[in-house]
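Visitor: Sequence:
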Amino acid sequence: MADKKELRVFLSEEAQGAGLTFERPRSGDAGFDLRALESVVLPAGAQMLVSTGIKVAIPDGYVGLVKDRSSMALKQIYTHAGVIDASYRGEVKVVLSNGGETSFQIERGDRIAQLVVVPCLTGMTRVASEADLGETPRGQSGFGSTGRK
872 MADKKELRVF
882 LSEEAQGAGL
892 TFERPRSGDA
902 GFDLRALESV
912 VLPAGAQMLV
922 STGIKVAIPD
932 GYVGLVKDRS
942 SMALKQIYTH
952 AGVIDASYRG
962 EVKVVLSNGG
972 ETSFQIERGD
982 RIAQLVVVPC
992 LTGMTRVASE
1002 ADLGETPRGQ
1012 SGFGSTGRK
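For the sequence shown, the working numbering begins at 872 and goes up steadily by one.
Think of the hints as simulated: they come from the structure by calculation, not from any bench. None of the values given here were measured: they were computed from a predicted structure. A couple of the hints might just be wrong.
Unchecked claim - When the alpha-carbon atoms are kept at most 25 Å apart in a straight line, the in silico PhoX-like pairs for lysine-lysine are as follows:
no.	residue 1	residue 2
1	K876	K926
2	K964	K946
3	K964	K926
4	K876	K946
5	K926	K938
6	K876	K964
7	K938	K964
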């Protein structure tokens, strides 16, 4: 039996037929590369759901986060809404948007995003008062407050 802390991956027949792969990250890398199953054109200012042809089983207590690849972000191509729950068994798809002024060509097999698998805390204790949350130096300051001098 496989280690419970290991990602299990299934490549669809279409992905296998197209020669797509899904490999472990290189030593020191945080994420698994996600590749486009199909060639598509992402128009300027548009958003699109892109298939990868893979399904995964994420271990209990973990979550998969679909994140930007730095090379794509430099081209103003961004990922959105990328939470893959441990209970999900459908195809991993990537929501991409083009923040640039020209259309962007994605070829079948291009690395379009990365899947970062991290521990996910789901335990919870309800407290009786706000004071029970405890205090921190930051307190309630938010939305850019820590970037001020």
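Visitor: So, for every hint listed, does it hold in this structure?
Guide: Consistency of the hints with the structure:
no.	hint	result
1	K876 to K926	holds (17 Å)
2	K964 to K946	holds (20 Å)
3	K964 to K926	holds (9 Å)
4	K876 to K946	violated (34 Å)
5	K926 to K938	holds (17 Å)
6	K876 to K964	holds (22 Å)
7	K938 to K964	holds (12 Å)
Checked against the numbered hints given earlier, the structure breaks only hint 4 and satisfies all the rest.
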